[in-house]
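Student: Go by the hints and put chain B onto chain A.
Chains as they are written, first to last, in our numbering: chain A, 136 to 390; chain B, 8 to 486.
Derived from the structure by calculation, the hints contain no laboratory data. Since the structure is predicted, the reported quantities are computational estimates derived from the model, not experimental observations. Beta carbons: idealized from backbone N, C-alpha and C, even for Gly. Take the hints with a grain of salt, since some may be wrong.
For each label pair, taking beta carbons as the anchor points, the in silico distance ranges come out as [stated by the list, open to error]: (1) G249/A <-> K285/B: 55 to 65 Å; (2) D272/A <-> E151/B: 50 to 60 Å; (3) K282/B <-> S207/A: 23 to 33 Å; (4) S285/A <-> K404/B: 32 to 42 Å; (5) K285/B <-> G151/A: 51 to 61 Å; (6) G151/A <-> K282/B: 45 to 55 Å; (7) K282/B <-> G165/A: 50 to 60 Å; (8) A264/A <-> K146/B: 47 to 57 Å; (9) S312/A <-> T428/B: 24 to 34 Å; (10) R386/B <-> S285/A: 17 to 27 Å; (11) Y412/B <-> S285/A: 37 to 47 Å; (12) D150/A <-> E414/B: 29 to 39 Å; (13) E425/B <-> R263/A: 31 to 41 Å.
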Amino acid sequence: MKPLIKITDLHVSIDGKPILNGLNLTVNKGEVHAIMGPNGSGKSTLANVLAGREEYTIESGTVEYEGEDLLSMDIDKRALAGIFLAFQYPVEIPGVSNSNFLKSIINAKRKHQGLPELNALEMLKFIRAKLNAIEMDESLLKRSLNDGFSGGEKKRNEILQMTLLEPKLAILDETDSGLDIDALRIVAEGVNQLRSPERSFIVVTHYQRLLNHIIPDFVHVLSNGKILATGDRTLAEKLEVEGYDWIKESNSVTA
Amino acid sequence: MSDSMQTLEVHTQSEYKYGWSTALDMDTFPKGLSEETVRAISAIKKEPEWLLEWRLQAFRHWLTMKEPSWANVHYPVIDYQDIIYFAAPKKKLGSLDEADPELLKMFDKLGVPLEERKVLAGVAVDAVVDSVSVTTTFKKELGELGIIFSSFSEAVQEHPELVRKHLGSVVPANDNFFAALNSAVFSDGSFCYIPAGVRCPMELSTYFRINAANTGQFERTLIVAEKGSYVSYLEGCTAPVRDENQLHAAVVEIIAMDEAFVKYSTVQNWYPGDKNGKGGIYNFVTKRGICAGYRSKISWTQVETGSAITWKYPSCILKGDESVGEFYSVAVTNNRQQADTGTKMIHLGKNTKSTIISKGISAGYSNNSYRGLVKIGKRADGAQNFSQCDSLLMGDKCGAHTFPYLEVDNPGARVEHEATTSKIGEDQLFYCKQRGLSEEDAINMIVNGYCKEVFKELPMEFAVEAQKLLAISLEGSVG
Chain A
136 MKPLIKITDL
146 HVSIDGKPIL
156 NGLNLTVNKG
166 EVHAIMGPNG
176 SGKSTLANVL
186 AGREEYTIES
196 GTVEYEGEDL
206 LSMDIDKRAL
216 AGIFLAFQYP
226 VEIPGVSNSN
236 FLKSIINAKR
246 KHQGLPELNA
256 LEMLKFIRAK
266 LNAIEMDESL
276 LKRSLNDGFS
286 GGEKKRNEIL
296 QMTLLEPKLA
306 ILDETDSGLD
316 IDALRIVAEG
326 VNQLRSPERS
336 FIVVTHYQRL
346 LNHIIPDFVH
356 VLSNGKILAT
366 GDRTLAEKLE
376 VEGYDWIKES
386 NSVTA
Chain B
8 MSDSMQTLEV
18 HTQSEYKYGW
28 STALDMDTFP
38 KGLSEETVRA
48 ISAIKKEPEW
58 LLEWRLQAFR
68 HWLTMKEPSW
78 ANVHYPVIDY
88 QDIIYFAAPK
98 KKLGSLDEAD
108 PELLKMFDKL
118 GVPLEERKVL
128 AGVAVDAVVD
138 SVSVTTTFKK
148 ELGELGIIFS
158 SFSEAVQEHP
168 ELVRKHLGSV
178 VPANDNFFAA
188 LNSAVFSDGS
198 FCYIPAGVRC
208 PMELSTYFRI
218 NAANTGQFER
228 TLIVAEKGSY
238 VSYLEGCTAP
248 VRDENQLHAA
258 VVEIIAMDEA
268 FVKYSTVQNW
278 YPGDKNGKGG
288 IYNFVTKRGI
298 CAGYRSKISW
308 TQVETGSAIT
318 WKYPSCILKG
328 DESVGEFYSV
338 AVTNNRQQAD
348 TGTKMIHLGK
358 NTKSTIISKG
368 ISAGYSNNSY
378 RGLVKIGKRA
388 DGAQNFSQCD
398 SLLMGDKCGA
408 HTFPYLEVDN
418 PGARVEHEAT
428 TSKIGEDQLF
438 YCKQRGLSEE
448 DAINMIVNGY
458 CKEVFKELPM
468 EFAVEAQKLL
478 AISLEGSVG
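Bound conformation, chain B alone:
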């Protein structure tokens, strides 16, 4: 191995910046999962009877299901009785002034300001710590436009009819093992409703933080965009460094009606475990949107840098004629991280279009898999898909895999797939350094160039954050 590759390895062994934890005064359930746990979660949230029933059905179904094993990831058996299913900061907030000062400090340290005057212009934030949402900013301003942006629990109380109508309509409670688990024990999340014809004037953002030890985080996000509306939604996440693995099993559902456009961007930075693979978050997430209406559009952009294991396939069901689905992804794995991520584009309507751009970056001893399904239904005349899956290898001990699945039931469809695998070239590094760039700057430049097609889809502030995060994940140039 050449010197340059060794240096590359040193650079890719960076440290996690958000690994500290905060001592918050917490209400915590004992470990373990049973019908009692489900009932207790529902009770503490004062949920209506129908929701408890929905949870219990999901739980009973979950008991009959098996954990999926088809993904290209390996981990010890998860003991679902050894997890805490509900943990919440004790103090119920009337307003931010009453918040635990430690909690405010925590978000400050994360760079997520919760006081509205401090909030970045144009971003409303819902902050979720462990099992509950602690605050949502800019509710009043949004309310004037008829936009509902609140914690999930609050939406259940204040807009039960909307929640009941849409909950589980895209990801049914029995959809898959982790979605069923989430449906049974989900504790909070974000709810977002954009009325017909309204263009949401600011980015809506949820920031997820797992703080407590031994705790699973199970949140649900539900976004409903009525006819002709638009919203751009951001999701960010971090967790402390802990030696044991922690489970994060979230569900995101998006519904886009006629000519509505929902843009969903994620920068996922859960704790990835240490360089020997100890600890880290298991990120087993179901994200799915339905383009229910004519000419509706859902666009997923994700930058995945964290988690010990990522199992995640943000998908689009293109039901409305001429609807559009997009998936832009950068997935970075380093050290012992494993990622099996991709998308599903289900074309049902006529002249539906989908685009998949996936960029995998593997470093260290990590394994990075793209798994994607493009399905063209019988009715989907004129459907079109374009997929591009690129893999970049850094060093010679990591792996990149591509599993594209195609199911085409309509002969008129056009499906294109391109895939490349490249190594971050010693040639490229040598070239840049010969022009006077440091190794770090050179790697940064090459990797950012590689990810450009995805980064340009992110909202501006997020793109900057994503670039920085990438630099940290890969180069150890912390601070």
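Okay, chain A solo, but in the shape it has when bound:
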């Protein structure tokens, strides 16, 4: 089987400072990969580079997505090709209603797929059906996008967008940060409902607790821009107890 995404020897810097130093990662269809690591290890950089954020400089390495050179694709083209990034800090856009934004992104995708755009009524039906699943209040649709949303509301709105866009590869960038336990459970359920043999996830997280709800197939430990250890969910549990120091010390370990 061809991998969905294959990252080979990726070196990335920002303002001349190296962040990723020869990262390798292969994700097949249907797999859930958790990326863990201490602060500053390059987790969020990886998520943002895959989505196409422009502040970063790609020094060397390749990323193949469905057999194509991902790094040469524009941000919106990556999105339309099925890559979704759930942001750590979702952006606020005052004056743009959430419902209008959702409508625009759904129709942008439909247009790309050659499908007719949904009208306002069809759109509302479509969105409503998904709202309940993540216990999100409909009043959030009328408000400006993320403007004045609480941390939990913002994250739920990310999961809502993910549910609506049905991506092939969903990248969750510390989606659990700042969430209380109920919100965490709801977000995780949103993800679990989307799990399918056709969809892959890269879950970036600092803490193991999210992985109690989203059971990963693989856990990778990132340190100094490199994957130092790969294992199953027991690796995450070990990290929870022992911290990251033992990995740094032993350098490269296969658990």
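Tutor: Then chain B, alone, in the frame of chain A:
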């Protein structure tokens, strides 16, 4: 500079869509300004003696005045002798059928239909080309309600008593340098009178077009709303692309009596000059309304996208007790454009209220200034003002400035001012694009969101036009 900012710059270098000119058969005065010019304009319009005198007084006063220099705009000295002060399509119109077909084509191309059957339902149009009004639609229908909507010249002939009573009552002939110049040489414009108790059933609209080269446009608009009346007035404007700068110095006066409501909306799209700052209209305009009566209301909404330089402060004098003044503005500057615009809210009556919402958008190398005065007079017990001035920067070579002035002589007044400056965020763009929106759609969405509070004040068709115009001004997605 990141790629995204570079793309942003490319997108903000759009082309002006109305830059063509039409070969019309014209009557044109020679360049230059003197008492003779003033007399000649008055004579060609067969004006009564009092109006000529009024013009001459304004002209003599203007000679003693100095061009203002306090605005945050920079331009070479204007040679007032190098301007043509009167240019009119030759053919005097008995009806539209007699119009120069080129003229009709011109308005068609501008999207302003002058034949009544074609006119958008509910909008009456007065079309002004260079120095004269060429036609006014729906006069008969309006006339049945007692509403007068005509060119200024026609009003001088047919309703001299009304014009004489109100002309200069809000913006005196010696008010400021450009208003004095206008008073001396104004050539045409629109006149609108709504009798007591009448709600004008359609939008009234004036469309200004500068067509001739080397010509200044000096028009006057006078709107009188009697007790308990209502009117919504629209103004649109364009001009051809020309290498030299052209002067537009207009005056608008509004009078609202007891419980009258005048809503004045402008979509200003004069030629802004090319991307290096060559050519473009100097838009030096005095717009002022007086809420003369109890509970009267004047609301200005403007979307300013054009002109090389904009110098404009639509203002309200809140004289009547409990009267209300509003100012909603979106001012966009791009390339080398400069705008110094804002409002004055002069509270004189008791419990008067004013609201100012100003949204500046600067792109390219442009400079965008908000300048506003809120003055609360001694008698204005219980006066309230709320001002919000936001600036949005696109790219890193443009400027945004805010100059709020406050003069409060009544301790009971409540005045609130909020101001923000933000950059169109790469974060916002990245977020939208990550969801599959193109860069253009993303910018469009963000900017429209930013302007929403102002756009919602515009009449429906105008709001759509304003959104499109904004898209064109900022994104180059022409056609």
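Student: Next step is simple, just say for each hint if it's right about the structure.
Tutor: Going through the hints against the structure:
1. G249/A <-> K285/B: 55 to 65 Å: For K285/B against G249/A, whose Cβ atoms are near 45 Å apart, the range 55 to 65 Å is violated.
2. D272/A <-> E151/B: 50 to 60 Å: Holds, since D272/A and E151/B (Cβ atoms, about 53 Å apart) stay within the stated range.
3. K282/B <-> S207/A: 23 to 33 Å: holds (30 Å)
4. S285/A <-> K404/B: 32 to 42 Å: holds (37 Å)
5. K285/B <-> G151/A: 51 to 61 Å: Given a distance of about 40 Å, which is not inside 51 to 61 Å, the answer is violated.
6. G151/A <-> K282/B: 45 to 55 Å: violated (34 Å)
7. K282/B <-> G165/A: 50 to 60 Å: Given a distance of about 52 Å, which is inside 50 to 60 Å, the answer is holds.
8. A264/A <-> K146/B: 47 to 57 Å: holds (55 Å)
9. S312/A <-> T428/B: 24 to 34 Å: Given a distance of about 29 Å, which is inside 24 to 34 Å, the answer is holds.
10. R386/B <-> S285/A: 17 to 27 Å: violated (47 Å)
11. Y412/B <-> S285/A: 37 to 47 Å: holds (39 Å)
12. D150/A <-> E414/B: 29 to 39 Å: violated (48 Å)
13. E425/B <-> R263/A: 31 to 41 Å: holds (35 Å)
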